[in-house]
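> Let chain D serve as the given structure and place chain Y on it in line with the hints.
Chains as they are written, first to last, in my numbering: chain D, 1 to 120; chain Y, 1001 to 1270.
Calculated lysine to any residue pairs in the SDA-like style (CA-CA distance at most 25 Å, straight line):
hint : chain 1 : residue 1 : chain 2 : residue 2
1    : Y       : K1197     : D       : S87
2    : Y       : K1159     : Y       : L1043
3    : Y       : K1244     : D       : T35
4    : D       : K23       : D       : N3
5    : Y       : K1255     : D       : E12
6    : D       : K4        : Y       : H1228
7    : Y       : K1236     : D       : E109
8    : Y       : K1236     : D       : D10
9    : Y       : K1096     : Y       : Y1042
10   : D       : K91       : Y       : I1206
11   : D       : K91       : Y       : H1210
12   : Y       : K1230     : D       : L117
13   : D       : K91       : Y       : L1207
14   : D       : K23       : Y       : H1228
15   : Y       : K1159     : Y       : L1023
16   : Y       : K1230     : D       : F16
17   : Y       : K1197     : Y       : D1264
18   : Y       : K1230     : D       : L29
19   : Y       : K1230     : D       : D26
Derived by calculation from the structure, the hints in this document are not laboratory data. Owing to the predicted nature of the structure, the values given are computational and were not obtained by experimental measurement.
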Amino acid sequence: MINKIVLVDDMEISNFITSSIAKTIDPSLSVYEFTDAEVALNEITDINPDVVLLDLNMPGMDGWEFLDEMSARNLNFKVFILTSSTSELDKRRSTAYAQVAGFLVKPMEEEVLTQLLQSA
Amino acid sequence: MLNSEDQVNRITYEAFSKFSNALIRCRSFEEVGECLKLNLKYLFNFHVLRASYTRGSQHVHITVKANHAAICLIGKPDLLAYEKTLLAKGIPLYWKAGELPALPAVFDLPAQEQAELWGWLFKSDGRQIVVSLLAGNSKPFTRREVTFVKLVAETLESKLLELCLYRELDEKNAMILSINQHQQEIITSRTREIADKNKKLLDISILNAHDVREPLSRIMGLLSLVDHVKSPDYLKAEILPRLKTSSSDLDAALKDVIAQATNDLLDLKA
Chain D
1 MINKIVLVDD
11 MEISNFITSS
21 IAKTIDPSLS
31 VYEFTDAEVA
41 LNEITDINPD
51 VVLLDLNMPG
61 MDGWEFLDEM
71 SARNLNFKVF
81 ILTSSTSELD
91 KRRSTAYAQV
101 AGFLVKPMEE
111 EVLTQLLQSA
Chain Y
1001 MLNSEDQVNR
1011 ITYEAFSKFS
1021 NALIRCRSFE
1031 EVGECLKLNL
1041 KYLFNFHVLR
1051 ASYTRGSQHV
1061 HITVKANHAA
1071 ICLIGKPDLL
1081 AYEKTLLAKG
1091 IPLYWKAGEL
1101 PALPAVFDLP
1111 AQEQAELWGW
1121 LFKSDGRQIV
1131 VSLLAGNSKP
1141 FTRREVTFVK
1151 LVAETLESKL
1161 LELCLYRELD
1171 EKNAMILSIN
1181 QHQQEIITSR
1191 TREIADKNKK
1201 LLDISILNAH
1211 DVREPLSRIM
1221 GLLSLVDHVK
1231 SPDYLKAEIL
1241 PRLKTSSSDL
1251 DAALKDVIAQ
1261 ATNDLLDLKA
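Next comes chain D alone, as it looks inside the complex:
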């Protein structure tokens, strides 16, 4: 059962969309929103989420660096990439990370998130 999800996306609006959909699906869900990947990385251990939804293109620390840093710190939280990039190259690159469980393309859809919350 999923109780806590972390959203990492530099665009507040993207997080707003995902969190709105998530709360429609399950109002009891705790959603932690971050627009700065570094801040998210520092707080993620305390939050101990069931799932992380991670954007790739971000200023400062981007999604790839976030994943590298997770590996370096031995953090094994389940990550779904959520990006507006439809690039096959990004998709292939993401499979190299053990903690990445899926590659989702924005906009997040209710059915996709429902399935994700049930399966995760």
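Just chain Y, lined up with the frame of chain D:
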């Protein structure tokens, strides 16, 4: 019955036919020199035979002796003084023993030979060749043999013209080849340039599509939320301002794309 003069003529014509056939087969100036050395002595007597021929900027000078032939092809005429006289006067000339003009060492003969010099300028159809020969007591030349000298001169002139034309053709071919090569290089480099430009344009289009897709995906996401909105106030306070921001971002992204693509196109053209 043939008289003795007819017989001499018949033998000489046979020798000329042999010479002419050998000359036709020559493919280089050296072969021409060799052919003259081998065959001319059967046609008429001489100690030294010299021929000078000019075509455009190609000048050919041939000197033939009993056991030696020299042929040179040069870019500047190297006419002997008496050859210039022959060219200037255009009539056959004869210098008897004791009145010879200054001659190079190759013409040197022992005094008892009583050397005499014969010279002609043969002209036909705007083509010409200067032929001269040095005769003497042991190799006497007579006026009757001029017919054969003329035949040799005309055949030789045709052969030299042919060889000069081959050389000109080779030069032109080399020039065409080098032009072709140059063009091939230009085509290769242009093709590479175009391929590079195409790749750049493709890269640009991919980058641009990503930049545009980001705000567009927000607009689509926000619109999908509208179904779940319970109050007009929430729509007005939470959704519409974000839609407005995202639309502005999309507009800005598209303007960027256009500006960027324009710049890149200008760069590529430069």
